[in-house]
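J.: Chain by chain, the residues:
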Amino acid sequence: MSDIIHLSYMVDGDDFTRAGEASSDLKSKLKQMGVDPEVIRKVAIAMYEGEINMVIHAHGGTIEVDVSEDKVVMVLKDNGPGISDIKKAMTAGYSTASENVRSLGFGAGMGLPNMDKYSDNMKIDTAVGKGTTITMDVQMK
Amino acid sequence: MDKFINSVRLDSDLCKGCINCIKRCPTQAIRVSNGKARIIREFCIDCGECIRVCPHHAKKATYDSLDIMNKFEYTVALPAPSFYGQFNNLDDINIILRALKLMGFDDVYEVSGAAELVSEMSRNYIDNHKDKRPFISSACPSVVRLIRVRFPNLIEHLLPFYEPMEIAASMAKDKAVRDTGLSPDKIGVIFISPCPAKVTSVYAPLGRDHSSVDGVVAIKEVYPEILPFMKQTADEEEELAISGKIGISWGGSGGEAGGLLIDSYLAADGIENVIRVLEDLEDQKFSDLEFIELNACSGGCVGGVLQVENPYVAKSRIKRLRRYLPVAKMHLEDDINEKQYMNKKIRYEPVFKLGTSMLESLHMMAQVEEICKRLPGLDCGSCGAPTCKALAEDIVRGDAKESDCIHLLREYLHKISDDLNSF
Chain A
1 MSDIIHLSYM VDGDDFTRAG EASSDLKSKL KQMGVDPEVI RKVAIAMYEG
51 EINMVIHAHG GTIEVDVSED KVVMVLKDNG PGISDIKKAM TAGYSTASEN
101 VRSLGFGAGM GLPNMDKYSD NMKIDTAVGK GTTITMDVQM K
Chain B
1001 MDKFINSVRL DSDLCKGCIN CIKRCPTQAI RVSNGKARII REFCIDCGEC
1051 IRVCPHHAKK ATYDSLDIMN KFEYTVALPA PSFYGQFNNL DDINIILRAL
1101 KLMGFDDVYE VSGAAELVSE MSRNYIDNHK DKRPFISSAC PSVVRLIRVR
1151 FPNLIEHLLP FYEPMEIAAS MAKDKAVRDT GLSPDKIGVI FISPCPAKVT
1201 SVYAPLGRDH SSVDGVVAIK EVYPEILPFM KQTADEEEEL AISGKIGISW
1251 GGSGGEAGGL LIDSYLAADG IENVIRVLED LEDQKFSDLE FIELNACSGG
1301 CVGGVLQVEN PYVAKSRIKR LRRYLPVAKM HLEDDINEKQ YMNKKIRYEP
1351 VFKLGTSMLE SLHMMAQVEE ICKRLPGLDC GSCGAPTCKA LAEDIVRGDA
1401 KESDCIHLLR EYLHKISDDL NSF
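Protein sequences appear in the order of chains A and B. Reminder that position 46 of the first sequence reads as 46 in the working numbering, one-by-one numbering, no gaps. Each position in the second sequence, counted from 1, maps to that position plus 1000 in the working numbering.
Just chain A, same shape as in the assembly (with noise of 0.2 Å):
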C-alpha cells in the first residue's frame, strides 16, 4: 500500500516579495508529516533555489510535489525564456540575475548547482522561448 500525497503550488511571477513561499510551506508541511529531517532540509533547499529561479528568470510558474513513503519528487514548471547554455548555467558563480536582487543575496550563482547538490535525482528540460520543467527528487531515509 502506498499513499500519495500531493501538494500544487502556483508560483506568481508578479510580485517577488512572495518568492519563497511556496518552499516553506512545503517545509512546514513535511514538518507536520513527521519527515527525517535531514531529508526536509535538502528538499527544502532545492525547491527554494527552484522557485526562486522561477520568480526572477522565468516570470513564475507551477510547482507540483508528491511525498510517498520512499521520496519526495518535485516538478518546477515555467513557461519562461528557457535555459540556452544548461553547461554554463550549471557553473558555481554564474547568474544572469539584476543588480537590485543583488543586496538581500540573491545572485551569487549557486542556484541550479545547489539544486543538484541537494537532491539526489535531477532533470533538466528546456527550450529557449518555450519554457523549462525541472524534475527533482530527494529520497527518505
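Take these hints with a grain of salt, some might be off.
Unchecked claim - Below are the BS3-like pairs computed for lysine-lysine, each with C-alpha atoms no more than 25 Å apart in a straight line: (1) B:K1319 / B:K1231; (2) A:K31 / B:K1231; (3) A:K29 / B:K1231; (4) B:K1016 / B:K1036; (5) B:K1173 / B:K1186; (6) A:K130 / A:K31; (7) A:K123 / A:K87; (8) A:K27 / B:K1101; (9) A:K31 / B:K1101; (10) B:K1036 / B:K1401; (11) B:K1186 / B:K1101; (12) B:K1389 / B:K1036; (13) B:K1319 / A:K117; (14) B:K1220 / B:K1101; (15) B:K1220 / B:K1060; (16) A:K27 / A:K87; (17) A:K77 / A:K117; (18) B:K1353 / B:K1389; (19) A:K27 / B:K1319; (20) A:K42 / B:K1389; (21) B:K1016 / B:K1060; (22) B:K1319 / A:K31; (23) B:K1173 / A:K42; (24) A:K117 / A:K88; (25) B:K1231 / B:K1220; (26) B:K1389 / B:K1373; (27) B:K1373 / B:K1319; (28) B:K1231 / A:K27.
Hints listed in this document are in silico derivations from the structure and should not be mistaken for laboratory results.
Got chain A; can you put chain B on it based on the hints?
T.: Leaving out everything else, chain B in the frame of chain A:
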C-alpha cells in the same frame, strides 16, 4: 514634553575628566569642567560614540531594567532584527522567539515583520513621489535627530513613516488586546533594543506625541537570560516567525535599502560617514540616487552600543540565517496605510545658532573669529572644549572664559611674573 531628552548619561564617580569623549563626539556636545564631563543636551543625538570611547566606562546608556516586565499583566517581546545575529549556531529564528516566551514574555512580535511592511510602503511611496528624490531613511533615531539640528534642508527628504519598532508595537498591542480581552494599559509591549537612541525615540518621540512602546530593555541584558532556554526550544514545533529575508536584513547596514528592490541607493554607516554623506547631500551632489540609508552605528544596528557580539560577525550570521527564507512574509493589507504616516512634522531645531537674530549672530560670529585668532589653535581639549573654535563659541555665548585656555593662562602668568621681576 521636553524636546531634548537623552539616553546617554555620565557616572561621575568613574569620570576622570580626560578628553577622550569630548574629542570623539560628532556634534561637539560634551564639555569637561571641574574635572568632570557633561553633555549639552540640545546637541546630543544619542549616537553612543562617547560610550564606545570612554576608557573608564563612565558613559552609560539608560534603558529599562528587565523588571519592567512585572509592571504588566501580559507582556509582548519586540525583538530588534539585529538581535538574531547575537547567537552562535542558530539556524532557525523560531528558537529565539520560543525562548523569549520561556524567559517570561507572554507573546513575541517580530519587529522585522513590521519592517517588511515599511519596506513595502517605502517602495510604493518612492514610486509615486519621484520628484522628491532622494529619500532618506527615518529608521535611525540618531540620524533623524542629527538632521533636525544640523541639516534642516534635508528634513523634507525623510520618509514620512514611523519606524518598524512603532508599527510592530501598535500591531502587537492590537493583537494582544484581541487575544486576551485585557485593556491596553495592562499590556506591556517591550522593545529589545540595540542602542540608547531607540530608548530616546520611545520616551521623547519625533513625529508623534507618544510611542506605542511601553518599555525598552537592552539586548545585552536579555542575552544571558535567554541563553539557557535556547537548547530546550530547538526541538519544539511552535512557529512564531513572521518575517522573511527583507525583514531580518534590516538588522545590518544595507538591509533597509535591499528591501526596496532598487539599485540606485547608498547605504552609509558610522556617524562620521553619515555626516559626510549628509553634507554632500546638502550640496546636492547625489541627484540621481533614489534612496539613502543612514545608520549611526558601524555595520548598522548590529553595531549598537547595547549589543553583545562583534557587529561584523553578527552581520554575517544574519546573512546565513536569511539564506533560505522567503523574500518577505508580511504584506500590506489596505487598512494599515493611513495609520503609519507620521502625524506630527519634524521641525528644525536651530540649537547651534549663536544669537537670537541674524544681526546678532553675525556680530557674535565676528567675535568668535577674533577670539580664535588669540587662541593657540592646538585643539588640545585642556579647556574642556573639543576645539579652540568651540571654546571661542562658548566664550561668546557666555559659558566659558578666555582664562580656561591653559596656554593663554600660562602666557598671562609669565607676563605677570616678568612684570613682578622687573619691579
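J.: Evaluate each hint against the coordinates.
T.: Hint check results:
no. : hint              : in the structure
1   : B:K1319 / B:K1231 : holds, 22 Å
2   : A:K31 / B:K1231   : holds, 19 Å
3   : A:K29 / B:K1231   : holds, 24 Å
4   : B:K1016 / B:K1036 : holds, 7 Å
5   : B:K1173 / B:K1186 : holds, 10 Å
6   : A:K130 / A:K31    : violated, 35 Å
7   : A:K123 / A:K87    : holds, 13 Å
8   : A:K27 / B:K1101   : holds, 24 Å
9   : A:K31 / B:K1101   : holds, 22 Å
10  : B:K1036 / B:K1401 : holds, 17 Å
11  : B:K1186 / B:K1101 : holds, 18 Å
12  : B:K1389 / B:K1036 : holds, 21 Å
13  : B:K1319 / A:K117  : holds, 21 Å
14  : B:K1220 / B:K1101 : holds, 17 Å
15  : B:K1220 / B:K1060 : holds, 13 Å
16  : A:K27 / A:K87     : violated, 29 Å
17  : A:K77 / A:K117    : holds, 20 Å
18  : B:K1353 / B:K1389 : holds, 14 Å
19  : A:K27 / B:K1319   : holds, 20 Å
20  : A:K42 / B:K1389   : violated, 64 Å
21  : B:K1016 / B:K1060 : holds, 15 Å
22  : B:K1319 / A:K31   : holds, 24 Å
23  : B:K1173 / A:K42   : violated, 38 Å
24  : A:K117 / A:K88    : holds, 16 Å
25  : B:K1231 / B:K1220 : holds, 19 Å
26  : B:K1389 / B:K1373 : holds, 10 Å
27  : B:K1373 / B:K1319 : violated, 53 Å
28  : B:K1231 / A:K27   : holds, 22 Å
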